[in-house]
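Hints in hand, dock the two standalone chains.
If you read the sequences in order, they're chains A and B. So the first sequence is numbered by our numbering: it starts at 1 and just counts up by one. So the second sequence is numbered by our numbering: it starts at 1 and just counts up by one.
Treat each hint with caution, since some may be false.
[Claimed, not checked] The following label-pair restraints were derived from C-beta to C-beta distances:
| # | chain 1 | residue 1 | chain 2 | residue 2 | range |
| --- | --- | --- | --- | --- | --- |
| 1 | A | 29 | B | 133 | 24 to 30 Å |
| 2 | B | 144 | A | 76 | 22 to 28 Å |
| 3 | A | 128 | B | 25 | 56 to 62 Å |
Because the hints were derived from the structure by calculation, they are not lab data. Given the structure is predicted, the values throughout are model-derived calculations rather than measurements. Glycine residues also receive a C-beta, built at the ideal position from the N, C-alpha and C atoms.
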Amino acid sequence: MKTFWLFIGSIKEYLLLTLLIVVSLVLMFSNDNTQIRFLRAIAVTTVGTFQSGLSAIPKVFDLESENKYLREANIKLSNEIANLKESKLENLRLSKLLNFKSNTEIPLISAKIINKTLIQARNTITINSGRYEGIEIDMPIITDDGLVGRIISVSDNYALGQIILNKDMRISVKNQRTRVDGILIYDGAGNLTVGNVLKNSDVNPGDIFITSEYSNLYPPGIPVGTVSETGNLDNLFKKIKLMPQVNFNLIEEVFVYKYLPSKERADLEKQFNKK
Amino acid sequence: MPGFIKYILFLIIALIIQKTFIWVIAVTNYNITPDLVLIILVYISIKEGKLFGIIAGFSSGLIIDLLAGSFLGLLALSYTITCFIIGNFKDENEKYLRNINFILITGLASLITNFLYFEIFFQSAASSISIIEVVYRYILPSVLYTMLISVFYLFKPGTKSTQKVY
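One chain only, chain B, in its complex shape (with noise of 0.2 Å):
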């Protein structure tokens, strides 16, 4: 299969799940939920680089903002950026794709994604919410929670972290 189509199924399957099943573990009073896409994307734009990635991210981005019904346009313009960012990891060993590596750029990718989306999103809704307590409520949990469930990405097939790289 080629290697953009597999990208688009995964993308479909992330954002079906994400749209629908997700909900089911999410936690804390706010409900947080991993961003199964965003871990997608991550993985893209490391292996594909920023061009790939940043498109698959303001595709997918402008996808959810639909169907979220509010602010259109906003998660494509936090994927996007996080996608650009995020390419600049890719790598002809792609080593950013094995061990810890990849949860940590998982991490700051939903750590910038996180960012702009509610930064944004509580200052145009000329919320009285602080910083402060938009990372504590919502961005670090979210951080965290995604970067939990990308571990699972460790367990994919030709991962593993003993795997060496020449």
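Chain A on its own, in the form it takes in the complex (with noise of 0.2 Å):
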């Protein structure tokens, strides 16, 4: 018998290593037991409102990458923020000119300006409508602010307009006001002029000045600009600078005026100066 209890006394590494390790089996095994879950119950219940006390302590190794993420997910919402301003914006700009079409009586078409050039002598702008759209060459494009210009080329789809603001452009405007005549130019550097405007003219800052029934190529009453200088020319006519209505850094969208210069008219007067 003492040489027995002497084996199991050199052995109980081993018995008591096998019994720890059934243990463990009979509980993994055992995982869903009631009392198991009881017990795993107060134990996580215990620990988890110590823990809960401790929740603001930052996690110091997920500060780095939380801060890029959070990074992130800030550009991101930051240009979120940015579209739909733009959208909020182009829907205000859409729905002053569906106003303005459904006010005016003639044919209008919209388009879109997906090219422009305001640098230049000779400024033009592109737009997304063409034949297709009943687009043809000399149209008058306008904004519901007034006078853009005319269409000079047009293929199936977009269309090419001279702006006002071009030295090839001569426009009859008239004042509003006063009804006095002028010739809109446009000096290639920036500045647009009413001139033939006779010096003792009533024209004062401020006076706005459309389109005259002496154009053939505009239709009479669309606003070209507002006066923002006068002076004298010389000892005969006025010196009138104009600020355009249509402010054509922000322009975006514009409509084709479906009108046509009269073909009779053209001809008439041609037939006249060939005289």
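This is the structure we're talking about:
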């Protein structure tokens, strides 16, 4: 018997190891046991209460990646806000144009500007509507603010417009208030002027010039610009500077006026000028 | 203070830290943390031998299992086997408690524990994750992090690398 106990004593570590492994395995296989679940619930509740008080401590190694993630999210959200603002502004612009379109009896073709030049002597715009939409050469281009220019070239889906800030443009205009006539000229250096206005004519800063019925290219009454400066050019004529009604830097959408010059009138005037 | 009370105290402190503060220093996307309890168990197993080691290992593992809320008995099993193996390093001169030996044995213990734990865990969960992925994602980071933290043991008074062994 003594030998037996001595033997047991010599292998006690192995016996204990076997016992504990068996206990561990039994526990592993009885994980869904009600008593164990109850015991675990108590333990988890106790530790959970303790841990919740410590949840304010930041996880130092994660701060950098968390900051990076937040920065990225911030940029993403900022972009979304910018896009939403852009959509809102576009909506406002289009609503304004739609309102203008519905209040105008003459048919209009709406178009979006897809290219424009503003810093040259001969400035133009390209729009995304063309022959298929009914656009033809010489049709006026307008916005709800006023005159933009006229179509000078057209393809099936696009059209090129000559804007009033173009050296080749000559337009008969009229002072809306005093009905004084003149010719709108662009000097190629950013100045829009009204020429051929006599020195004693009644023109003051703030007056609006509109297209005149003398023009065969444009229908009368379209606002062109507001007088910003007046003076004497020489002993005979006034020097009048105009601020365009349309802000060409911000313009994005336009209408093409379905109006064509009278061919009969043009031919008649041409014949007379030849004589 | 009697030896075993000191060990129980250290284990309780390590358990509290392990279950409360340790996430503060968790690394990688898989929240790998060092195993502080295992470091204490390695010390106990080398110092006191297999018998004391497996009792301490089983008890600590069981408590953590209870608190973890997942596989009850899994960590108890892993710690028990690990402490039994590490208990073989018990030496009268305690040379394995000094210098880099302790860090290497801690690494070995962590390797055994994590291998047993994660292998049984993922196998039983019928996970599609391969053994290579288990080693790469969980076992190696855990082993290295535990070894790194065990370096602090060398700063314990009387554990200088220059200390002579007679």
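When the hints from earlier in the document are held up against this structure, which numbers fail?
Number 2 - this is the single hint that the structure violates.
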